[in-house]
Amino acid sequence: AGSEPGRVWGAVGHHFNPGDAEDDIKAVFECKNGVVVDIDMTCVDASPGPSWVIQGTHGTFWIMGSTATVKYFEPKALPKIRTVDKTHALNRAYGVRPGPEKIDWIVDEFPVRPKGSYDSFYDNLYEAIRKGAELQVTPESARTTYDVLARIRRGSGF
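Going from the sequence shown to our numbering is simple: count from 1 and add 12.
Read the hints as simulated data drawn from the structure, not as lab findings. You may find that some hints are simply not true.
[Stated by the list, open to error] Pairs of lysine to any residue, SDA-like flavour, derived with a Cα cap of 20 Å: (1) K38 <-> S168; (2) K92 <-> I115; (3) K44 <-> S15; (4) K88 <-> T72.
Take the sequences, apply the hints, and build the full model.
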């Protein structure tokens, strides 16, 4: 997210995997630069869904199977809106006119094709220790990750 995590919230559960490690984590944190990250790491959700979803200020990017989709709008192409400031909702509609259903969304889809294969964490660690390769996961990034996970666990009572 380009910034250190600030506020952190999470829920942690252990539902069916053997042992005592969590198998269901919901984490929401706000980075110090204002970016909000919402992560689900679960073995419990059996529903099909995208493996990645990134929501931005002008649209959303997601990966479902082997297809990546970007759905967005051009801000300059938005229709001019006017506020509806009434004490009652006209036709049971609230907010502004025209509403969000009038956005001309642009949708682009493309196949997901990894550029190459990647070593496992331990293969990379071996290469770094024995042959001076660059670490794919740095100690600093691992420390930040474990700090956030610890804060989530503390807040959830796990």
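Here's how the hints hold up against the structure:
no. : hint         : result
1   : K38 <-> S168 : holds (10 Å)
2   : K92 <-> I115 : holds (11 Å)
3   : K44 <-> S15  : holds (6 Å)
4   : K88 <-> T72  : holds (18 Å)
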